[in-house]
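Please build the complex by placing chains G, L and F on the supplied structure of chain R, with the hints as guidance.
Protein chains in written order, with this note's numbering: chain R, 1 to 546; chain G, 1 to 272; chain L, 1 to 314; chain F, 1 to 124.
If you are wondering where the hints come from, they were derived from the structure by calculation, not from laboratory data. Possibly wrong hints are sitting among the right ones.
Said to hold, decoys possible - Straight-line alpha carbon distances no greater than 30 Å define the calculated DSS-like cross-link-like pairs of lysine-lysine that follow:
| id | chain 1 | residue 1 | chain 2 | residue 2 |
| --- | --- | --- | --- | --- |
| 1 | L | Lys81 | F | Lys120 |
| 2 | L | Lys81 | F | Lys26 |
| 3 | L | Lys47 | F | Lys26 |
| 4 | L | Lys212 | G | Lys44 |
| 5 | L | Lys72 | F | Lys121 |
| 6 | F | Lys56 | L | Lys81 |
| 7 | R | Lys484 | L | Lys309 |
| 8 | F | Lys26 | F | Lys80 |
| 9 | R | Lys347 | R | Lys396 |
| 10 | R | Lys320 | L | Lys122 |
| 11 | R | Lys273 | R | Lys417 |
| 12 | L | Lys56 | G | Lys33 |
| 13 | R | Lys347 | R | Lys405 |
| 14 | G | Lys44 | L | Lys81 |
| 15 | R | Lys202 | L | Lys47 |
| 16 | G | Lys75 | R | Lys487 |
| 17 | R | Lys304 | R | Lys405 |
| 18 | G | Lys75 | R | Lys345 |
| 19 | L | Lys56 | L | Lys122 |
| 20 | R | Lys202 | L | Lys122 |
| 21 | R | Lys304 | R | Lys275 |
| 22 | R | Lys487 | R | Lys304 |
| 23 | R | Lys510 | L | Lys47 |
| 24 | F | Lys80 | L | Lys72 |
| 25 | G | Lys42 | L | Lys305 |
| 26 | G | Lys43 | G | Lys7 |
| 27 | L | Lys47 | L | Lys122 |
| 28 | L | Lys212 | G | Lys7 |
| 29 | L | Lys56 | R | Lys484 |
| 30 | R | Lys304 | G | Lys75 |
| 31 | R | Lys291 | R | Lys396 |
| 32 | L | Lys212 | G | Lys33 |
A quick note: this is a predicted structure, and the numbers were derived from the prediction, not measured.
These are the residues of each chain, in order.
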Amino acid sequence: MGIRIVNGEVIDPAHGEDRVKRDVHIKDGKIVADAGQDATVIDATGCVVMAGGVDIHTHVAGPKVNFARLMRPEDHRYEHVSREDGYERSGTGGVAATTYTTGYRYCEMGYTTIVEPAVPPLGARHAHEELVDIPQVDKAIFTLLGNSEIIFQYLEKGETSKINEYISWIMDATKSYSVKIVNPGGANMWKYRADIHDIDQKLRDFDTTPRQIILAIADAMATLGLPHPLHLHCNNLGVPDSYKTAIATAEAMEGRPLHLTHLQFSSYGASGKRKFSSEAPRLARMVNDNKNITIDVGQVLFGKTTTITADGPFEYHLHKLTGSKWYNGDVECEDGCGVVPYDYKRKSFVNCIQWAAGLELFLLIDDPWRVYLTTDHPNGAPFITYPHLIRLLMDKDFRREQVEKISAEAAAEIPLKVLDREYTLYEIAIITRSGTARRLGLVNKGHLGVGGDADVAVYRASRNWEEMFAKPAWVIKDGQVVAKEGKVTRQVFGTTMYVHPARGFADIEKDLADFFESYYTVNINNYPVGLEYLPRPELIPCQVKA
Amino acid sequence: MITLTLKGKLSIPLEADSVTPDNLHDKSNHQIKEQTVYWGNKKKTIGDFFEVEGERSDRITVVGDCAKVKLLGHKMSFGAVHVKGNTGYNTGSYMTGGAITIDGNTADYLGAMMEGGLIDLKGNAGHFVGGAYKGETAGMTGGEIIVRGNVGHETGSFMRRGLIAVGGNAGDFTGLFMLAGTIVVLGKAGERVGANMSRGSIILMNQARLLPSFLENGVVATPAVEIVLGRVRELGLAPAGGGRYVRHTGDVNAVGRGEILMRVVNRNHLQV
Amino acid sequence: MVALQLGGAPAATLGEVKNRADLVIFWGSNPAESHPRHFTRYSGSAKGRMNPRGRKDRYIVLVDIRPTPSVKYADEFIQIKPGHDYEVLTAMRMLTNGNRPDMDSVGDVAIQTLERLVQRCKDARLGVLFFGQGITETRGKHQNSMAIYQFGKDMSRHSKFLTLPMRGHYNVVGSGNTMCWQTGYPFAVNFGRGYPQFNPGEFSVVDLLKRKEPDAALIVAAEPMDHLPYEAARHLENIPTIVLDPRETLTTKMADVVIPVKHAGVSVEGTAYRMDHIPIKMRSVLNSPWPKDDEPLSTIIARIKAIRKEEAET
Amino acid sequence: MKTYTFKEFNKAMALIGILNTARTLKQGATMHIAKDAPEYLEAISYVGVSAREMEKAGISEGDDVVVISDHGQVTVQARKMDLQPGSFFMPLSYLANRLVSAETHGAGVPGFKNTVVTIKKPDE
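Isolated chain R, as found in the complex:
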C-alpha cells in the first residue's frame, strides 16, 4: 500500500523546488506520480518535506571504529538504547556508538544513507560484517588506496594500465563504492615513524610522491567511471600551514574532479601571536574558483569525542600533545590507522580556531552544491550534533551568542565574527542531501522526483532549527514509515551499495599472486569479499566515458 504526504511544503533542490505546496506520493519503495486511492495519508501540515539525509563521510564501521569502541568503555557507560524503550536491539551510545544504535540515531535525525569513507582493503570484510548490523539506512564503504604498496610498485614502473586493472580488481574484492586516499604515502612513511610534509616529497621505500599517487589514482578512477570521484584527506593535515598543502593538492589536480574531505582540518595557517590561524577564507576562495572541487567540512564542535583516522602519524602527534590513550594499527602493505580520544574545549585557543574555521568554510563557499555538512564523525564531533550545526549555519544571532562563549583571544582573531550569512532551508537541503547524493552519483537519492527512492524526512517547521532537525515528525525509508517524532518505530535494513567496474586493462593475476606470496600474510584466494557478506546488495553502475 502506498503513502501520500499531503499539506506539506516540499523542498527539493534537485528539482529547484523551494517550499512548494504539493503532495508526495510513494509506492513500492519509490516516489511515484500517484500512490492510488488506498494510500495512507500523512498530514504534513506545518511541515517541510525533504528527501532523506545523505551523509557523505562518517566513520561508523570497520576495524578502526571498532578499536575506538573497544578502547573507550567509558564512552558507552552513560548512554544506551534499551529493550525497555521499545528498540528491537539494545546497544550503547557515546561518540563511537554500537552499530544498531548508529542506525537508529541516523534514522531519528531523518538520514537514510551513510558512507563509511575509510576502510583498508584487509578490513573490508570486517566493515561489511558491521554494515550488516547497521539498520535503517543504506550504506557504502570507500576503500583506502593512498598507501597501497601494489600501486606504488606499478607507479615506480609507470604501469598505468595495471593500476587501472588493480583498482578495478580491488573495488570488486572489497565490495566498495569508491576510493579514499588518506595522507598519500604518509602511512607508508609512518612505518618508519616518519611522515610526509610535501606533495612532492619522495617516499622511502618507493620512488614515488604523493602528487604522483593522487594523479594516478584519480585518472584510474576516471577511466573506470566510478560514480564518486577521488575522496581525499590531504597530507600534512591538522598542523599550521596545512592550508598550503591543501591548495597545492588542489592545483595539482589540474581540473580533474576531486572531493576534499573534512577540509576544515586542513585550513590552518601559522600567523597570529600563537602561530595558529584560520586560513579558511583562502581555501573558500580556492573552492569558489575551482569548479572541479567539492568539499565536506568536518566541523569541530565543542565537547568530548574520539578521533579516528587512517592518518597514523597525525594520531601519534595528537597523543603526544594530549597524553591521552592512543591506539595505532598499521595495516600490512596497505595503510594504517590511529585512535585518540579528544576533548574540544571552548577555553582552548586552538580548538576555537578550528571551530571557527569550519563555520567560515560553510559561510564563505558560495555554491552550496559544492560544500557538504559533515563533522567527520566522530573526529570533529559525533553525528548527533548535526542539528546544532544546522542552527549555527541558519541563525546568525545564535552563532554570535556562541562566539561570545569561546576564548576571547580566539574570538578576536577569527574572520567568523564578521560573517552574516544565514543558510536557508533550501541550502541546508542541498548540503545535507541533494548535493551529497549528486556528488556520490546516487541518482535515486537526495530528491523527491518521480522514480527516486522513497526515503523521505518530514520536519515540523520551527524557528528553532536545532529542535526541528533533531526530531523529524516522520521518517520514511524505502516507502515505509520507520520513525515518528524522532523515535524509531520500525526496524528495517537498507542496502549496501557497491560498484563493479570493467576489467581487462592489463593482466595482473601473476603480479598479485607473487605480491601476496611475498608480502601479505593472507592467502589471495581468501582475500576478496564475496557478495555473501552483503545481504542486500545494490549495484551502482559505473559511467565510462567513451
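Frame of chain R; chains G, L and F shown alone:
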C-alpha cells in the same frame, strides 16, 4: 527513618540503585515499595524483596545480608544510608554527598567514581575501593572512604581528590595512576604501590616493597601527615602519631610528583 | 583487553612483522608450543620486504621465567623471577625515558642486560614485543599488559615499536569484535537491564560462576569444565545447562541438553578473526548433518519471544 | 610423635611454590582427540619440578605426587623440568584447574599462573 529489611536469601544479585535518600526521601511507604529494582533479567520492586517500614525520610536503614545487593547508595547526594549487614558491588558508586555506613563487608568498587560524601565500612572491601571503572581516566574526585578492615587491589586508582583510609591491609597497586588526593594504609600494603602515580600522597604505616621508579628522598616528619592522620582519627581509626617517614617520590615513568611516605618502624631502617 | 581500554597500544597486523621487523621480543609467551606456526609465518624465519633473508635478518629475544622449548629459536634468553614482570618492565620504561634505576638488578635481571635490550629497541628499524599469557595470568594481570603497552608507547618516542598480544583460542578475537560492535564492549557484558552493561569481575563468567549467581547456562563452543578453574566451573553441575558443540567434551558430558552443531570452519563457512584482528574467510570442507550454530539459537530466541508475547497478552 | 633425623625431615618436607599452568604442544595436539583419551591424559597428568627440589623432597622422575592448593588437590606424576626452585609447571587442563583459584581481581581472568601449591608424596 525508612527501614528496609531483606526478606530472604538472594542467590541472583539485585541491582538496587533506587535505594538512595535522593529517590526515597519524598515517597510514601507504598511508593517506596513500588520503586524499581532489577533482579537478574527481571524488573521487580523494592517491596518484592524488602519489608518496608517508615516513609518520607532522608535516613535509610537496610537490614540483612545484602552481599548480593548491588549499587546501594548509587549517586546519592544527601542523607544517610546505614546497612546492617554486608553489601554487594558498586556500593556508593558515583555518590556526591551524604553518608553510607556499612556494618559488614562489601564487594568490589566501593565508592567508585565518588565525588563527595563519606563512606564508613566496618568490615573488609573488595578491589577498586574509590577506584575508577574500566577505561575511565579519572576516578574518585572527592569525599572520604574509611575501611576498618582490609581492601583488595587497585585502591584509589586514578584518584583525583579526597581521602581513603584503610585500617587493615591493602592489596596490590594501591594508588594506581593516582592524580592527586590521599591514601592512608595502616596495615600492610601489597606490591606496586603508587604505580604510575603522577601526584598525590600515599601514607604507609608499614614497610612495603616499592617499584624501581620511586626514588628515596630523605626522612621527614611533616605536619601535613599529622593533619591527615588527625582526620583519620576523627573518622574512627587509630594510627600512631608523631612518627618519622621516609619520603619516596615517583612514579618517574609518569609525571613523578607523587609521594609515598613510609613510616620509619625502627631505627635500623635506614641501613637496610 | 582491559589494558587496551586503559591506555591503547601501538599495534599492527602481522604482515608488518613479517615485512619489516628486525627485532622480535617474546615475553611470557612460548610460541614454539602455543602458536607453533607463528614463527615461520610472521615472526621468525618468515621472509618479507625488509627481511629477505628471513631469520638472519631478525634478532629474537625471549623473556620468560623458565627456559621453554622456544629458547632454541631465540638469539637471547632473559630469565626473570616469577611474578616480577611488572618490576622489570617498570625498570625498562625508566631506561627508555632516560632514568637509571638505582639498583643492580631487578627481578633477577641485571640492569645492564635491560639497558642493552632497551638500546636494541631504540636502534631497531621495527621492534615488536609479543606478550603471552605468562604476562596476563600472573601477579598483576592486566596491569602487566598495561605496562607492556606503556613501554611500547614510551619506546615509540624513539623508534618504531609495536606491542602485540599473543591471543590464544580459535576466533577469540572475532567474538570480542562482534560483541564490541553490537554492545560496545568485548566481553563480560550483562544484558539484565535491557541494555549492555560491562564490568569485568562483576559480569565475567569466572566470577559469576564462582559466586554461584547464574541459575541457568547456555554454552556455545566453549569448554568451561576443562578450561576454567574447577572452583568456578563446578557451579555448572548444579544448574540447567545447554551446550552447543560439534563434539563430545567434558562440558557436554555434564550438560542437561546438548545440541550438536556444525563445526565452524570445517563443515560450515564463516568468518574468523586472526589475533591481529584480520578477518579470514573460513570455508566448509566437510559435510555435517548438524545445523549451524545460529539456527538453534534463532529458534530459541523466536520461541522465547513468542512465550513473552503470550505472557504479556494474558 | 615421630622423630626425624635431619635428612629424613628434609625428605618428608613438602615443596611449596607457585604453580604455572600453560599450554603445551602435546596438550594442544591431543585435546582434540578426546578429553578422556589416554594420549590427552598422558599429556596433562604431570607436574614439572626442578631437579634440585625433587632431590630435596626425595621424589624421583615418574613418582606419583599430590599437588595441593587452597582450592583442591590432584595426584599426578612428577617430572624433572628446568625451572627455578619454588616454581612448578602443569599443562593447562581440568586437572591443573582443580588447583587454580577463581579469583580474578576484577579482571575476569583467573590466576592460571599464580597459584600457591604444596607438592608432597602421597600418604602411605
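These are the hints, each one checked on the structure:
no., hint, in the structure
1, L:Lys81 x F:Lys120, "23 Å, holds"
2, L:Lys81 x F:Lys26, "26 Å, holds"
3, L:Lys47 x F:Lys26, "28 Å, holds"
4, L:Lys212 x G:Lys44, "21 Å, holds"
5, L:Lys72 x F:Lys121, "33 Å, violated"
6, F:Lys56 x L:Lys81, "21 Å, holds"
7, R:Lys484 x L:Lys309, "24 Å, holds"
8, F:Lys26 x F:Lys80, "17 Å, holds"
9, R:Lys347 x R:Lys396, "22 Å, holds"
10, R:Lys320 x L:Lys122, "18 Å, holds"
11, R:Lys273 x R:Lys417, "18 Å, holds"
12, L:Lys56 x G:Lys33, "74 Å, violated"
13, R:Lys347 x R:Lys405, "9 Å, holds"
14, G:Lys44 x L:Lys81, "52 Å, violated"
15, R:Lys202 x L:Lys47, "26 Å, holds"
16, G:Lys75 x R:Lys487, "29 Å, holds"
17, R:Lys304 x R:Lys405, "17 Å, holds"
18, G:Lys75 x R:Lys345, "26 Å, holds"
19, L:Lys56 x L:Lys122, "20 Å, holds"
20, R:Lys202 x L:Lys122, "25 Å, holds"
21, R:Lys304 x R:Lys275, "25 Å, holds"
22, R:Lys487 x R:Lys304, "25 Å, holds"
23, R:Lys510 x L:Lys47, "19 Å, holds"
24, F:Lys80 x L:Lys72, "19 Å, holds"
25, G:Lys42 x L:Lys305, "15 Å, holds"
26, G:Lys43 x G:Lys7, "17 Å, holds"
27, L:Lys47 x L:Lys122, "23 Å, holds"
28, L:Lys212 x G:Lys7, "20 Å, holds"
29, L:Lys56 x R:Lys484, "66 Å, violated"
30, R:Lys304 x G:Lys75, "22 Å, holds"
31, R:Lys291 x R:Lys396, "28 Å, holds"
32, L:Lys212 x G:Lys33, "28 Å, holds"
Violated hints, listed in ascending order, are 5, 12, 14 and 29; each of the other numbered hints is respected by the structure.
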